[in-house]
Amino acid sequence: MDYEISMPQFSDTMERGKIVRWLKKEGDMVEKGEVIAEIEAEKAVMELQSFKRGVLKRILVKEGEEVPVGKPIALLELGEVREVKPPPPKPKEELKPQPLPKPEVKVERVGLPPGFASPYARILAKDYGLNLEELQREERLPSPTHARDVEELLLERQFTPKALELLKEYEIDLREILEEFPSQKVDEDMLLAFVEKRGIPKRLPISQVQKTLIANLSKSFPLPHYHIYEVFDLSLVPWDKDFTLTHWLIKVVGDAMQHFERLRAVYREDHYLVFPDSNVGIAMAVGEELYNPVIKGVNKKSLKEIREEVRSLRKKAEEGRLSLDDMQGGTLTISNLGMFGIRSFDAILPYGHVCIIAVGMQEEDGKTHITFTFDHRVVNGLHGALFVKHLKEKVLDREYIKFLKRSTHV
Amino acid sequence: MLYRDALNLALDHAMEQDPRVLLLGEDVGFYGGNYKVTDGLYVKYGPKRVIDTPIAENSIVGTAIGMAMMGLRPVAEIMTANFAMLAMDQVVNQMAKLRYMSGGKIFLPLVVRMPQGVAKQLAAQHSQSLEHLFASVPGLYVFCASDSTSAYHGLLYAIKLDDPVIFLEHVLLYGVDFPLENSKDFNPFQARVLKEGKDITVVSYLKMVHDVLKACQWLEEEGLYCEVIDLVSLRPIDFETIYSSVKKTKRLVVVYEAPKSFGLGAEVSARVCEELFYFLDAPPLRIAGGEVPIPYNRRLELLAIPTPERIYSQILSWSKSHGL
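Which chain is which? The protein sequence lines are S and E, in order. My numbering puts the first sequence at residues 1139 to 1548. My numbering puts the second sequence at residues 647 to 970.
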């Protein structure tokens, strides 16, 4: 009997996967749970384990090819397989994801007698008043000379090593500095003074986390979405330093989501994928980065458990240890800027989420501006409105609040 | 959206908007096109607007020219660029010349579409890249599409033009899924800068663009940042975009699948040398196909055209031996 192995879905937003490497050949014996391939999706490489024992009969998708989730990628022949013995397990290193193999390149530099230079290097040398041929004879420039050789020579001649390091951080035209300091060697302090005087901008690198965020926001912003702006009365919510408003809102919202299945859904092209649990993401700023870890099964957790989980997620985020599993599975996110005295704001949906709740500052009478952003493909206006109305009622439900409060005591 | 579906959508939209637009070619109707580009259009628009022709390329283009002269806006499909050789008299002597020779009285709103390039083991007579033959003829526009965006918008633009256009597609791209960008003011006469970079300008078009982008990832690991320019029109070529990029990088590479000699690479690098000689920090590099008929054997076939690996290694060794 043949068993079809299909492209698995490793995360909610994964639509396609690429076979990075087959670890088994056709005809190889495969044990249940054994890793048979490495699959790349959404920038991560994951291992595909076989659910069954059998012989890998045919590989349907070659290495390097990408197919949609659910498409068959290999055939496994099941049944009584009489293999003398399973092949010895491969050494662990071989299972690590490997980057695309990069071809080896041999480089031979051209060497010519003094007197040769690229057209642009000649222009540069002339601009900076260098005598190319002389420098080439002194072997301070190679022949042929290229632009980079001229620039490197100038940099070395004109700057101290520390100033050179500093120079990399700024967007400076070399010519400008040389005009300012035509005959002196430039040190760190001189460079800093020059930078300040001219108001020269500094290059700030964009982190990988921020790049991913930019890509995701750019994907999700054009999606059809709408906002609901409401003022909530949160005077009954007994939050404090220990159990913050965010902890309370995660719980209240998570419970409310149980009554609205579309708030627990992920959009697929021809269906919704509805999670049984309320999985709530929190917008979490750590240093310059913004993370969106998810607390799963909020409906089944007490406030205390939620608080612990938020703490552990924050710790992980601070240490840069958030896993794919920590960040996926969410359908709704809470973003709270109230502690900074922000009265009201709206937020962009995290990619794949159907709702983001933007919480503003709580005023003295407990009034709080909360803005909801909904993915209209999943939550229509009526359900959005009903969800907001339900939440407004829940935060004023004394019995319910008292019940939650009880769980905060040891 | 699949490249082939983007072309299909462009044809569909053009036919919907303008009743004068019609299709003709071998198997474009009932069968839906050899590469399924015209799939479904026969059912939607009927045999009068989607016309199956005999296997006679010269007549296909000749008929289309006649239709265009009389006010229709035909889109002719030649099954592959290899077969367009049979239609060269009509293309070169009629299509390219009628507007000029009639003193501007005859307009030819005509598009001739065809795929070209190496697919997989289709052998020498079915694997050629022949863009340079068309691009060398004054009187023609030559467009090409490297992804679904330039396929959709480029083809629509070509159909709306009042002048004859050769529209080149690449056989290997038909089944590739690219995002279809909504660019309302798409201008095929403007080359697209697909990726910015400070070190090397790489000009390419059609499928090679994607191989170049792959090679660029490896080059970045070596600290070399390429600016990748995708030519959407091969006649005329948008030299301004190329010049302004080369002024920045001081280095030019042209990558194309056709044999190296007498190709687009010769044209582009010669122009850059003419205009920007004193800005160059290295001699221009052409990475192109071999001087052979494309072999049938898969290994030899891959040796006869640029691959991402070879683009990477050639650019790397060239830039290292020329001062980068």
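Be aware that a few hints might be false.
[As the list claims (entries may be wrong)] No more than 27 Å apart at the CA atoms, straight line, and that leaves these computed lysine-lysine pairs for DSSO-like:
(1) S:Lys-1306 <-> E:Lys-766
(2) E:Lys-766 <-> S:Lys-1163
(3) E:Lys-751 <-> S:Lys-1162
(4) E:Lys-844 <-> E:Lys-966
(5) E:Lys-894 <-> S:Lys-1264
(6) E:Lys-844 <-> E:Lys-894
(7) S:Lys-1434 <-> S:Lys-1543
(8) S:Lys-1200 <-> E:Lys-894
(9) E:Lys-844 <-> S:Lys-1200
(10) E:Lys-682 <-> S:Lys-1156
(11) S:Lys-1156 <-> E:Lys-860
(12) S:Lys-1209 <-> E:Lys-766
(13) S:Lys-1209 <-> E:Lys-893
(14) S:Lys-1340 <-> E:Lys-894
(15) E:Lys-766 <-> S:Lys-1200
(16) E:Lys-830 <-> S:Lys-1340
(17) E:Lys-966 <-> S:Lys-1240
(18) S:Lys-1156 <-> E:Lys-841
(19) E:Lys-806 <-> E:Lys-893
(20) S:Lys-1195 <-> E:Lys-766
(21) S:Lys-1349 <-> E:Lys-966
(22) S:Lys-1264 <-> E:Lys-966
(23) S:Lys-1357 <-> E:Lys-860
(24) S:Lys-1306 <-> E:Lys-830
(25) S:Lys-1379 <-> S:Lys-1264
(26) E:Lys-682 <-> S:Lys-1306
(27) E:Lys-860 <-> S:Lys-1244
(28) E:Lys-682 <-> S:Lys-1264
(29) E:Lys-830 <-> S:Lys-1357
(30) E:Lys-841 <-> S:Lys-1349
(31) E:Lys-844 <-> S:Lys-1240
(32) S:Lys-1530 <-> S:Lys-1540
(33) E:Lys-893 <-> S:Lys-1340
(34) S:Lys-1240 <-> E:Lys-860
Bear in mind the hints are in silico, worked out from the structure with no lab data behind them.
Hints and how they fare:
no. : hint                      : in the structure
1   : S:Lys-1306 <-> E:Lys-766  : 47 Å, violated
2   : E:Lys-766 <-> S:Lys-1163  : 24 Å, holds
3   : E:Lys-751 <-> S:Lys-1162  : 68 Å, violated
4   : E:Lys-844 <-> E:Lys-966   : 16 Å, holds
5   : E:Lys-894 <-> S:Lys-1264  : 19 Å, holds
6   : E:Lys-844 <-> E:Lys-894   : 7 Å, holds
7   : S:Lys-1434 <-> S:Lys-1543 : 20 Å, holds
8   : S:Lys-1200 <-> E:Lys-894  : 40 Å, violated
9   : E:Lys-844 <-> S:Lys-1200  : 35 Å, violated
10  : E:Lys-682 <-> S:Lys-1156  : 26 Å, holds
11  : S:Lys-1156 <-> E:Lys-860  : 15 Å, holds
12  : S:Lys-1209 <-> E:Lys-766  : 23 Å, holds
13  : S:Lys-1209 <-> E:Lys-893  : 47 Å, violated
14  : S:Lys-1340 <-> E:Lys-894  : 21 Å, holds
15  : E:Lys-766 <-> S:Lys-1200  : 15 Å, holds
16  : E:Lys-830 <-> S:Lys-1340  : 36 Å, violated
17  : E:Lys-966 <-> S:Lys-1240  : 17 Å, holds
18  : S:Lys-1156 <-> E:Lys-841  : 23 Å, holds
19  : E:Lys-806 <-> E:Lys-893   : 34 Å, violated
20  : S:Lys-1195 <-> E:Lys-766  : 25 Å, holds
21  : S:Lys-1349 <-> E:Lys-966  : 30 Å, violated
22  : S:Lys-1264 <-> E:Lys-966  : 24 Å, holds
23  : S:Lys-1357 <-> E:Lys-860  : 23 Å, holds
24  : S:Lys-1306 <-> E:Lys-830  : 40 Å, violated
25  : S:Lys-1379 <-> S:Lys-1264 : 68 Å, violated
26  : E:Lys-682 <-> S:Lys-1306  : 53 Å, violated
27  : E:Lys-860 <-> S:Lys-1244  : 20 Å, holds
28  : E:Lys-682 <-> S:Lys-1264  : 59 Å, violated
29  : E:Lys-830 <-> S:Lys-1357  : 19 Å, holds
30  : E:Lys-841 <-> S:Lys-1349  : 16 Å, holds
31  : E:Lys-844 <-> S:Lys-1240  : 22 Å, holds
32  : S:Lys-1530 <-> S:Lys-1540 : 16 Å, holds
33  : E:Lys-893 <-> S:Lys-1340  : 24 Å, holds
34  : S:Lys-1240 <-> E:Lys-860  : 11 Å, holds
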